[in-house]
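Student: In the order they appear, the protein sequences are chains H and G.
Those letters in the first sequence? Residues 75 to 384, per this note's numbering, in order.
Those letters in the second sequence? Residues 930 to 1202, per this note's numbering, in order.
Any given hint could turn out to be false.
[Stated by the list, open to error] Below are the SDA-like pairs computed for lysine to any residue, each with C-alpha atoms no more than 20 Å apart in a straight line:
id : chain 1 : residue 1 : chain 2 : residue 2
1  : H       : Lys-222   : G       : Leu-977
2  : H       : Lys-199   : H       : Leu-117
3  : H       : Lys-222   : G       : Arg-1191
4  : H       : Lys-277   : H       : His-196
5  : H       : Lys-199   : G       : Phe-972
6  : G       : Lys-978   : H       : Glu-237
7  : G       : Lys-1027  : H       : Leu-117
8  : H       : Lys-197   : G       : Leu-952
9  : H       : Lys-168   : H       : Arg-280
10 : H       : Lys-197   : G       : Ile-957
11 : H       : Lys-199   : G       : Leu-1159
12 : H       : Lys-197   : G       : Pro-963
13 : H       : Lys-199   : G       : Pro-943
14 : H       : Lys-222   : G       : Lys-1027
15 : H       : Lys-222   : G       : Cys-1174
16 : H       : Lys-222   : G       : Leu-944
17 : H       : Lys-222   : G       : Pro-943
18 : G       : Lys-978   : H       : Ile-231
19 : G       : Lys-978   : G       : Ser-991
20 : G       : Lys-1094  : H       : Lys-197
21 : H       : Lys-197   : G       : Leu-1159
22 : H       : Lys-197   : G       : Lys-978
23 : H       : Lys-328   : G       : Gly-1157
24 : H       : Lys-222   : G       : Phe-972
25 : H       : Lys-328   : G       : Pro-1162
26 : H       : Lys-328   : G       : Cys-1174
27 : H       : Lys-197   : G       : Leu-944
28 : G       : Lys-978   : H       : Gly-239
[Stated by the list, open to error] Taking beta-carbon pairs under 10 Å as the criterion, some of the chain H residues facing chain G (in silico):
id : residue
29 : Arg-108
30 : Pro-209
31 : His-261
32 : Gln-343
33 : Val-372
[As the list claims (entries may be wrong)] Beta-carbon label-pair distances, calculated as ranges:
id : chain 1 : residue 1 : chain 2 : residue 2 : range
34 : G       : Lys-1094  : H       : Thr-154   : 50 to 60 Å
35 : H       : Val-133   : G       : Phe-1116  : 16 to 26 Å
36 : H       : Ser-349   : G       : Ile-957   : 30 to 40 Å
37 : H       : Leu-240   : G       : Pro-943   : 50 to 60 Å
38 : G       : Gly-979   : H       : Asn-140   : 38 to 48 Å
39 : H       : Pro-186   : G       : Lys-1027  : 23 to 33 Å
40 : H       : Pro-303   : G       : Ile-995   : 51 to 61 Å
Read the hints as simulated data drawn from the structure, not as lab findings.
If you're wondering where the values come from, they're calculated on a predicted model, not measured in any experiment.
Glycine included, every Cβ here is placed at the ideal spot set by N, Cα and C.
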Amino acid sequence: MTDRVVSAPDVVTPARLGVVAKYRRAIMRSEALRGYNLLSPTLLFMILFLALPLGLLLVFSFWTQNYLDIDYSFTLANYTKFFDRPVFSYLLGKSILISGSVTIATVILAYPMAYYIAFRVHKHKLVWLILITVPFWTSYLLRVFAWKVILGYNGVINSGLMELGLISEPLEFILYNPFAVVITLAHAWAAFAILPIYVSLEKIDRSLLEAATDLGDTPIMRFFRITLPLSMPGVIAAAMLVFIPTVGDFVTPKMVGGTDGVMIGNVIQSMFGTSHNWPFGASLSIISMTAITIMIVVFLWINRIMRRRA
Amino acid sequence: MSTHTSVTGPRFGPLGIYAITYLAFVYIPVMFLPMFSFNDSVFIAFPLKGFTLEWYRALATSDGLIDALYNSVKIAAVVAVLATALGTLAAKAVTRYKIPGRGPVITFIMTPLVIPGIIMGIALLVIVNMLGIEMSVYTIGLGHLLVSTPFSMLIMVSRLEGFDKNLEEASQDLGEGAWRTFWRVTFPLSVPGIIASLLLSFTISFDEFILAFFLGGQDITLPVYIWGQLRFPAKLPVILALGACILAVSFVLVTFAEWFRRRGVQIKTSSGV
């Protein structure tokens, strides 16, 4: 491709080239430069509004709030505060535990669904795919809100059970606890887990499965020896897509979590709201991100060891 | 000799029942919102009291709702166009040119997909605040552009990978310039992807809450409006009506987009989005 471009008939003597034209020619000559030229608006946007703000957040975490002003001197005070007061690490630990449960539940529930669409649906695959993708794009806030309606004191479950005469008083324990948070998140993020798993299952070469059957594998042996290992990339992608965003969630705990269901995201949000301590909020975010990263590295490392053994 | 079904198994069976149950689990909870929005009672509880359009009527006269709706639509429309432009350029760059550092570049652009919304929200809040920019619909739009662009790029990558690169090369070999090739070959073939990207970016922005919550200042969008109204139990039925409307709009847009996007295209992106 490159040589064709170079031999293109737009030959102009170098002396007549302006700066812009020179730049254009240099770009046209190299495929890499042409690619990056095309990529530059998106890349620049991401650097300015993703990398830069995240970097600034890191810097911010080393400053301190002095009433209404920010004290710009470098200090580790926010970090020592985090480790001095057990409540923060407790909340972070609880958030990781909640998100971990949500992740496991979501992935396990999603796998058979993805498997069904990949292997059993032949004619109406498009319909099934659309059915499972649509919730993925629709309002997360409303999906969470729906569970408040369902689990509430006078909600769907309580009023429904009372109407049926199964209970005489509303069950109070179903809303405002960590379990309500887990079930709500598992529902709200369900669609995020199906798609990656489905894609990795769909990619599996069907002749491998036929070969295993021909060589005497039972369907169950075949599943554990071929299908599951080959779909692991999808499972890992699904787990990460669910785990990472849910650790920082503050909407679900606020709506259905009550005091027991408070997560680290609620504390971060309050630091940027009523508690007004931005630097401490920034350091809480940095610590949470670091914890998430460590969890993922450990997870990937365990997965790698398991694969080597297999 | 193995037949096709020995590998794929029966279509209906325990797995089929599971699939139906799963779909019910995904859809039924959300269906309670429209259901109770027509219920003639302030309390969201069984038994249903009868059909009413009262809450939809109240919706039309709610304070601040029209402003919020206008903000949401305005932001979503602009974000849809800009995200699709940025996503398409980036997708073309990574699918058509051999560029060094392709992997890290794609990973970098995809980062917003795996960063908790709250962290992006406060990171943008901090920088916007330091630059002294007043928070408004523009800062919300900025945040939404950041989360929509990666999705747009994924959609466009799978679309551009889905058709033959040789078509573009043939056009160039036949003497068309890069610009003409783009308009006469690449663009028409990408149209389904572009439409899907516009619709989905619009929906992402229209439904997004966390970034709009942190970056809006005095300007509010529909989801932020809903969040604010949740404090008032008496307003709950009206919020249900609003939620039902938003769900209906999102549902139609997304179904249309997905149908456009997946029709006749092999899904190749590893994330499955």
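Student: Are there hints from earlier that the structure breaks, and if so, what are their numbers?
Tutor: 2, 3, 5, 9, 10, 11, 12, 14, 16, 17, 19, 20, 21, 22, 26, 33, 35, 37, 38, 39
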